[in-house]
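K.L.:
Position chain B relative to chain A; hints supplied.
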Amino acid sequence: DSGVTQTPKHLITATGQRVTLRCSPRSGDLSVYWYQQSLDQGLQFLIQYYNGEERAKGNILERFSAQQFPDLHSELNLSSLELGDSALYFCASSVAEVSTGNTIYFGEGSWLTVV
Amino acid sequence: AQSVAQPEDQVNVAEGNPLTVKCTYSVSGNPYLFWYVQYPNRGLQFLLKYITGDNLVKGSYGFEAEFNKSQTSFHLKKPSALVSDSALYFCAVRDLMEYGNKLVFGAGTILRVKS
Numbered sequence: 001d002s003g004v005t006q007t008p009k010h011l012i013t014a015t016g017q018r019v020t021l022r023c024s025p026r027s028g029d030l031s032v033y034w035y036q037q038s039l040d041q042g043l044q045f046l047i048q049y050y051n052g053e054e055r056a057k058g059n060i061l062e063r064f065s066a067q068q069f070p071d072l073h074s075e076l077n078l079s080s081l082e083l084g085d086s087a088l089y090f091c092a093s094s095v096a097e098v099s100t101g102n103t104i105y106f107g108e109g110s111w112l113t114v115v
Numbered sequence: 001a002q003s004v005a006q007p008e009d010q011v012n013v014a015e016g017n018p019l020t021v022k023c024t025y026s027v028s029g030n031p032y033l034f035w036y037v038q039y040p041n042r043g044l045q046f047l048l049k050y051i052t053g054d055n056l057v058k059g060s061y062g063f064e065a066e067f068n069k070s071q072t073s074f075h076l077k078k079p080s081a082l083v084s085d086s087a088l089y090f091c092a093v094r095d096l097m098e099y100g101n102k103l104v105f106g107a108g109t110i111l112r113v114k115s
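Protein sequences, first through last, are from chains A and B. Each residue of the first sequence is one higher than the last, beginning at 1 in the working numbering. Each residue of the second sequence is one higher than the last, beginning at 1 in the working numbering.
Excised from the complex, chain A in its bound form (with noise of 0.2 Å):
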């Protein structure tokens, strides 16, 4: 178990609906990623936040948006959802802003199947 905890771990939805991932960090990083796995994508990073402010980004869909809230538990919306979006979202965390040599660690991640 790393600690960092996803939820729903899988949905179901239809195109053109939006939905909503949840992450909560482990207990004391301030950071936060989002990363997406899809077959043909490998594993893309996909946003990060520090402390509740966004750090760096990635390939993320415009219909796609993160946020960090002040507890530093993290959602990841996705919204006019197609079925190219169908995919395991992970989330991750660390302690750190930047620091290159602590770890990061990763949820067991939320299976999002668009029908």
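It is possible that some hints are incorrect.
To be verified - Below, a sample of chain B positions facing chain A; criterion: calculated Cβ distance under 8 Å:
{"#": "1", "residue": "Ala5"}
{"#": "2", "residue": "Tyr32"}
{"#": "3", "residue": "Lys49"}
{"#": "4", "residue": "Tyr99"}
{"#": "5", "residue": "Ala107"}
As the list claims (entries may be wrong) - Selected chain B positions facing chain A (in silico; Cβ < 10 Å):
{"#": "6", "residue": "Phe34"}
{"#": "7", "residue": "Gly43"}
{"#": "8", "residue": "Phe90"}
{"#": "9", "residue": "Asp95"}
Derived by calculation from the structure, the hints in this document are not laboratory data. The structure presented is a predicted model; accordingly, all values stated were derived computationally and were not measured. Where is the CB? At the ideal position from N, CA and C, for every residue including glycine.
P.N.:
Below, chain B without anything else, positioned relative to chain A:
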């Protein structure tokens, strides 16, 4: 940009034999390298990391990795494979961004250990 490559899609090894999963990296500056493992329907689990120091890094579940600067490699090894080691293995490198950081992952290598 920082990147890693895993040249083998799949590695097959007999139980009890040594295993190696290969990873090569391309970085500007000092490399910060990681190995993660993903079991079926599970999240990414941290195995080990190289930050600095000894070229042989020991990690979880009896795994170790050898950092080789001249060959720009960071191969994952285990002296004696177990069937339970069968999983998907990812090599990753830390990429520092303007205000944050991320991990850049390889495509992954499926390890199959046969009894």
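K.L.:
Now look at each hint and say whether the structure bears it out.
P.N.:
Each hint, compared with the structure:
1. At a threshold of 8 Å, the smallest CB-CB gap from B/Ala5 to chain A is about 12 Å, leaving the interface hint violated.
2. Because the smallest distance between the Cβ of B/Tyr32 and any Cβ of chain A comes to about 4 Å, under 8 Å, the interface hint for this residue holds.
3. Annotation: interface hint on B/Lys49 holds; nearest CB of chain A at approximately 6 Å, less than 8 Å.
4. Among the interface hints, the one on B/Tyr99 holds; its C-beta lies about 5 Å from the nearest C-beta in chain A, closer than the 8 Å criterion.
5. Residue-level restraint check for B/Ala107 holds (minimum Cβ-Cβ distance to chain A is 5 Å; threshold 8 Å).
6. With a cut of 10 Å, the hint placing B/Phe34 at the interface with chain A holds, because the nearest CB-to-CB distance is about 7 Å.
7. Of the supplied interface hints, the one on B/Gly43 holds, with its beta-carbon coming within about 4 Å of a beta-carbon of chain A, less than 10 Å.
8. Because the closest C-beta pair between B/Phe90 and chain A is about 7 Å apart, less than 10 Å, the hint holds.
9. Among the interface hints, the one on B/Asp95 holds; its C-beta lies about 8 Å from the nearest C-beta in chain A, closer than the 10 Å criterion.
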